[in-house]
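First to last, the protein sequences are chains A and B.
Residues in the first sequence are numbered consecutively from 1, following this note's numbering.
Residues in the second sequence are numbered consecutively from 1, following this note's numbering.
It is worth saying that the hints were derived from the structure and are not from the lab.
One or more of the hints may lead you astray.
[To be verified] For lysine-lysine, the following PhoX-like pairs were computed, each having C-alpha atoms within a straight-line distance of at most 25 angstroms:
no., chain 1, residue 1, chain 2, residue 2
1, B, 132, A, 851
2, A, 359, A, 341
3, B, 11, A, 851
4, A, 359, A, 6
5, B, 141, A, 851
6, A, 417, A, 341
7, A, 129, A, 59
8, A, 413, A, 353
9, B, 11, A, 771
10, A, 6, A, 132
11, A, 353, A, 417
12, B, 9, A, 851
13, A, 809, A, 221
14, A, 135, A, 301
15, A, 811, A, 221
[To be verified] Some chain A residues well away from chain B (every beta-carbon gap over 12 angstroms; in silico):
no., residue
16, 87
17, 503
18, 791
C-beta atoms are modelled at their ideal positions from N, C-alpha and C, and glycine is treated no differently.
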Amino acid sequence: MTNHYKIAIIGAGPAGLSAAGRAAFHDQQCNQENNQESNKSGDTDPSYVLLESFDKPAKTIQRYQKGKLVMAEPGYLALRSDFSFEQASREEVLGGWANELVDQNVNIRYNSEVAAISGELGNFTLNFKDGKCLKADNVVIAVGLEGNPRKLGVPGEDLPVVQYTLDDPGACNGETIVVVGAGDSAIENALALAKNNQVYLLNRRDEFSRAKEGNLNAVLKANADENTTLSVYYSTSAQSVSDEENGTYTMVLNTPDGDVSIDCHRIIARLGGIPPRRFVESSGVVFPNAKPGAIPDLSDKYQSNVPGVYIIGSLAGYPLIKQALNQGYDVIEYILGNTIKPADHPLLDLQFKLLPYKKDVDELIRLFQQRIPIFKRMNALQFRELVIESNILVAYEGEMYESVQAKAVHIEKALEKRKQKPKYTKTISAGDYIYREGDYSNSFFTIVEGEVTVDMPGINGQQTYTRGQFFGENSLLSGRPRLGNAIANSNCIIVETPRRIMVKLMNSNDDVREGIDLVFIVRTLQRLFAPNLSSDELVKFAGAAELRTFKPGEVIFKEGDKGQSLHFMRSGSVTLSRMTDDKDIVVAQYQTGKIIGQMALMGDAARRETATANVFSETIELTNEILYRILEADTSTIESFQDNASSSAILHTRMEVRPEIGSVTDFLMDEGLGEATNCLIIDESLCVGCDNCEKACAETHGGISRLDREAGTSFANVHVPFSCRHCAQPHCMKDCPPNAIHRSASGEVHIDGSCIGCGNCETNCPYSAIKLAYDAPKKPGLFAWLFLGKGDGPGEEAHYSPSKEAKDKGKKAVKCDACMDLPSGPACVNSCPTGAAMRMSPDQFIELVEKR
Amino acid sequence: MHQNMLDYKGKRYFYISLALVAVCVGIFMSQGALFAANGGTWQGYVLGTVGAGLICWLMALGIRKRSYASTLGPLNGWASAHIYLGTSLLIIATLHCAAQFGLNIHTLAFVLMTIVILSGFYGLFAYMRYPKIEADNRLEKPRSALFEELSLLNKNVRDLSKKCDGQIQQVVESAIERTAIGGGTIAQLFALDSSKVVSADDTDKASSTTLVANYDQQVVIDLIAKKLPRTRRQGQPALLQQMLSMLCRRQALLRRIRRDIQLQGFMKVWLLFHIPLSVALLFALAIHILSVFYYW
Numbered sequence: 001m002t003n004h005y006k007i008a009i010i011g012a013g014p015a016g017l018s019a020a021g022r023a024a025f026h027d028q029q030c031n032q033e034n035n036q037e038s039n040k041s042g043d044t045d046p047s048y049v050l051l052e053s054f055d056k057p058a059k060t061i062q063r064y065q066k067g068k069l070v071m072a073e074p075g076y077l078a079l080r081s082d083f084s085f086e087q088a089s090r091e092e093v094l095g096g097w098a099n100e101l102v103d104q105n106v107n108i109r110y111n112s113e114v115a116a117i118s119g120e121l122g123n124f125t126l127n128f129k130d131g132k133c134l135k136a137d138n139v140v141i142a143v144g145l146e147g148n149p150r151k152l153g154v155p156g157e158d159l160p161v162v163q164y165t166l167d168d169p170g171a172c173n174g175e176t177i178v179v180v181g182a183g184d185s186a187i188e189n190a191l192a193l194a195k196n197n198q199v200y201l202l203n204r205r206d207e208f209s210r211a212k213e214g215n216l217n218a219v220l221k222a223n224a225d226e227n228t229t230l231s232v233y234y235s236t237s238a239q240s241v242s243d244e245e246n247g248t249y250t251m252v253l254n255t256p257d258g259d260v261s262i263d264c265h266r267i268i269a270r271l272g273g274i275p276p277r278r279f280v281e282s283s284g285v286v287f288p289n290a291k292p293g294a295i296p297d298l299s300d301k302y303q304s305n306v307p308g309v310y311i312i313g314s315l316a317g318y319p320l321i322k323q324a325l326n327q328g329y330d331v332i333e334y335i336l337g338n339t340i341k342p343a344d345h346p347l348l349d350l351q352f353k354l355l356p357y358k359k360d361v362d363e364l365i366r367l368f369q370q371r372i373p374i375f376k377r378m379n380a381l382q383f384r385e386l387v388i389e390s391n392i393l394v395a396y397e398g399e400m401y402e403s404v405q406a407k408a409v410h411i412e413k414a415l416e417k418r419k420q421k422p423k424y425t426k427t428i429s430a431g432d433y434i435y436r437e438g439d440y441s442n443s444f445f446t447i448v449e450g451e452v453t454v455d456m457p458g459i460n461g462q463q464t465y466t467r468g469q470f471f472g473e474n475s476l477l478s479g480r481p482r483l484g485n486a487i488a489n490s491n492c493i494i495v496e497t498p499r500r501i502m503v504k505l506m507n508s509n510d511d512v513r514e515g516i517d518l519v520f521i522v523r524t525l526q527r528l529f530a531p532n533l534s535s536d537e538l539v540k541f542a543g544a545a546e547l548r549t550f551k552p553g554e555v556i557f558k559e560g561d562k563g564q565s566l567h568f569m570r571s572g573s574v575t576l577s578r579m580t581d582d583k584d585i586v587v588a589q590y591q592t593g594k595i596i597g598q599m600a601l602m603g604d605a606a607r608r609e610t611a612t613a614n615v616f617s618e619t620i621e622l623t624n625e626i627l628y629r630i631l632e633a634d635t636s637t638i639e640s641f642q643d644n645a646s647s648s649a650i651l652h653t654r655m656e657v658r659p660e661i662g663s664v665t666d667f668l669m670d671e672g673l674g675e676a677t678n679c680l681i682i683d684e685s686l687c688v689g690c691d692n693c694e695k696a697c698a699e700t701h702g703g704i705s706r707l708d709r710e711a712g713t714s715f716a717n718v719h720v721p722f723s724c725r726h727c728a729q730p731h732c733m734k735d736c737p738p739n740a741i742h743r744s745a746s747g748e749v750h751i752d753g754s755c756i757g758c759g760n761c762e763t764n765c766p767y768s769a770i771k772l773a774y775d776a777p778k779k780p781g782l783f784a785w786l787f788l789g790k791g792d793g794p795g796e797e798a799h800y801s802p803s804k805e806a807k808d809k810g811k812k813a814v815k816c817d818a819c820m821d822l823p824s825g826p827a828c829v830n831s832c833p834t835g836a837a838m839r840m841s842p843d844q845f846i847e848l849v850e851k852r
Numbered sequence: 001m002h003q004n005m006l007d008y009k010g011k012r013y014f015y016i017s018l019a020l021v022a023v024c025v026g027i028f029m030s031q032g033a034l035f036a037a038n039g040g041t042w043q044g045y046v047l048g049t050v051g052a053g054l055i056c057w058l059m060a061l062g063i064r065k066r067s068y069a070s071t072l073g074p075l076n077g078w079a080s081a082h083i084y085l086g087t088s089l090l091i092i093a094t095l096h097c098a099a100q101f102g103l104n105i106h107t108l109a110f111v112l113m114t115i116v117i118l119s120g121f122y123g124l125f126a127y128m129r130y131p132k133i134e135a136d137n138r139l140e141k142p143r144s145a146l147f148e149e150l151s152l153l154n155k156n157v158r159d160l161s162k163k164c165d166g167q168i169q170q171v172v173e174s175a176i177e178r179t180a181i182g183g184g185t186i187a188q189l190f191a192l193d194s195s196k197v198v199s200a201d202d203t204d205k206a207s208s209t210t211l212v213a214n215y216d217q218q219v220v221i222d223l224i225a226k227k228l229p230r231t232r233r234q235g236q237p238a239l240l241q242q243m244l245s246m247l248c249r250r251q252a253l254l255r256r257i258r259r260d261i262q263l264q265g266f267m268k269v270w271l272l273f274h275i276p277l278s279v280a281l282l283f284a285l286a287i288h289i290l291s292v293f294y295y296w
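Only chain A is shown next, with the shape it has when bound in the complex (with noise of 0.2 angstroms):
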């Protein structure tokens, strides 16, 4: 037998065994070819080998817990593989391979452990753990991450009871269990764990962001089902872990609401693996940083810097099994020389149609990465996705225009049978706009061509951005409606991405978050500060300030401390007081773009309130030597900013000799109206309870009200019914799986047709305002009823049982739109004939409250 192979493959996971079967599949040709010419029969020697350090191939699926689902996640990705793979158990998934390793007379060695990589293209050589070696033109590294599990990162992380993987829940059985991690593996072991145990989920952040659809519906419906014995903490994270005499553990948690102690008998961690960076390094791969999370650089046609060395698979960023599949068969074609497009190049090219370049669709993916810096540090595999997710926006003039649009309805035709409609290329014309003062969209955009217009409250002029920059920040970050006009001038291209897409990224690539958060804090400096300078010259100023997060409840800064800073408010609300006669009096409530602190500035050294985040907030926090030079700098706008303190001044102290409204402040934010943006409120000293609100709600839409008014607390005759607040952040667009939920550019939160019943949103609403139903029959018109009587009149409650259809269908997640759709606006205040009920924004809070 051969020592020395055209192609070694280190690593028989999916993407290793999908590379083999693509390689197998090339011999077998050969062979057959050969046989044809010479008349005889028998196989060469296999051109590759795959090596596995295990004895059976797919370690990491092999550990899996027993009959576990294993996903094919993403659904709009076609597989393309000489291996099969679809939804199944892990023990179908796994036989089904098995079969076909047999089947495709794959040359795999098991027990084969590669320690280093060395030499160069057409002669590498892999020496084994035991000492043996092969040699082989180019490898092909599919190790995966597995086998090095990232730590706790705590004081106490190597402690016994900490374990890194879970081969059978069932083992366990009436124990504390502490799982640490958001992603797929976490949620699968907890979910099995906490069918005997008693379990708790810590996720770092406040959603479930990197989780599999299927995943994430299940342990949100586990979490919100009190007979589940499993419970997340969201916005945790691990303390310390240390053990007690007596012989148990006591893990320390930091949680939203303070610190909590559970003793547990078992924490696993499962936060992912770290790159086996040690071992990839020896082949000279290079990394582009030292965070152990760097992916490294790959070309598009997975080769890394080294060549003949090429990475596919989860190390090469991409997690997902059929990703890995497609990747193993595309990265044996791209070493024997076959030019074939990647599986998701039919995505890439709809999206790139009606474009007007004459390139193709890899050259257009690559000259888009190069073009946009705050994307270029992203594997080009994640940028791929990014752009199929994404929208992509260019504006034509004149008869370019038209031609184009002609264009676009031809292949909206030919698309329109398909069952999930792809994406492609967004036509619009030149001068239009891309988003208005106001809405509230809140995608965030990049300029690959051409320029963009955008005219920025507070600063004189319009502020151009070209080639690479990106705009849209602003919503993207504090959910607030956009600021200013953006308008497309002509040929310029724009990749439009969609809120979710930006925050996975953000939370996974911190190249992104810095680069996006600095240009927030520079446009944010400039817009409020100093609108004469540029952004060159806010960059220095901008690294000075400091991003800062609340907790629900935490302090910002406190009365009669010193005051060195002041605060601009990212997202969120705080509610400031002031301590009179011993009594807290709510004197202000401060929403997302507000400054507070300010007076710090004006030379009051000492806070004259204490500021509170009601819920969840951000600030940038500025000192006043910063500012002071920022205002050296450019001293336009001190005049305004000087107004702006008086003003609060006057509001706070008017406020707080009149004690009992800031009572009626304190409970409308407790109520959570801090993050509404139009809420429902209702006057009890005008409602008669003729409940002709809800009726209005029911009779608009499909007959059932969206709206509780009895439900909901009350304070000093202002009441908060269970409606819809249309949230600043909305909690339920969170964790939708379809995408249902949007927001339209008035800002109304609804829900469109695609809702498949799962209840996520329901569950992470806080306020009670979404429900899950069936459809209602439809009601008789006014004259049917009163002549003919037929049915239930209008605004009589209706009296059914759900239809069959209606059953069939499910129940489906049902909230207020705000009547986006009524020309006559929301029917729950149309039709209040007391003038009790008003829809309102926390600006007009001020206004309720001192009528009281």
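Dock chain B against the given chain A, drawing on the hints supplied.
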């Protein structure tokens, strides 16, 4: 901010109604002293037409109220206009008939109209006055919360009574069982309380116990209070004290609930007159107009 029906848009419909009345008075005055003013002059016909139009429009509120997606302005504005224009109708109709009354269908229509408008005045009064009183009475909780509190109290009282002697247990159980809330229209409006309780003297008998009135739960409270200083069993005084305080809380809660039902009644009872009589008015009006033209 919130605007009540009278203040809607700076009392817009008050001024409109005032202008309408002024115009109508002008028309009426134009009859001078030459003819005896009545519905038969051209001025009378004009005023009658205005009045009939107003009646039809005022009644259209019932349709507007049920047209939930109506683009004809908010219902609050309609209600405001309904009040002011309805009031003006009283003057316009009087001008139309020049205060000539008799025992006929024409006067019947006028009387019906007057009752409808007066019941509307009461309705306005109720809508302006009672919501706040009602909300304060409910301690700004929903009515359902009061009932939840009641059922919790009932449960606690029952649990506690099980530790007391058989007589108390029986009386307390019957007091809870026979607590009456609401009832017919009269009972609701007057917050009548027809609660009953088993007579304490009868509790020894195995069957055929007599029920006595337990107005405001006072009988059962009195019984516990009476027993309190006289009990000899160990631990009973503390139990009875606890029972007494719970029953008094229950008494206060029941008062609130009855008051809530009563206030709701005050806000609804006028509609029992306002709506049917306005329909009757519509028929009387139709006959009035037909007969006027028939006997031209």
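What hints, given by number in increasing order, does this structure fail?
Hint check: 4 and 9 fail, others pass.
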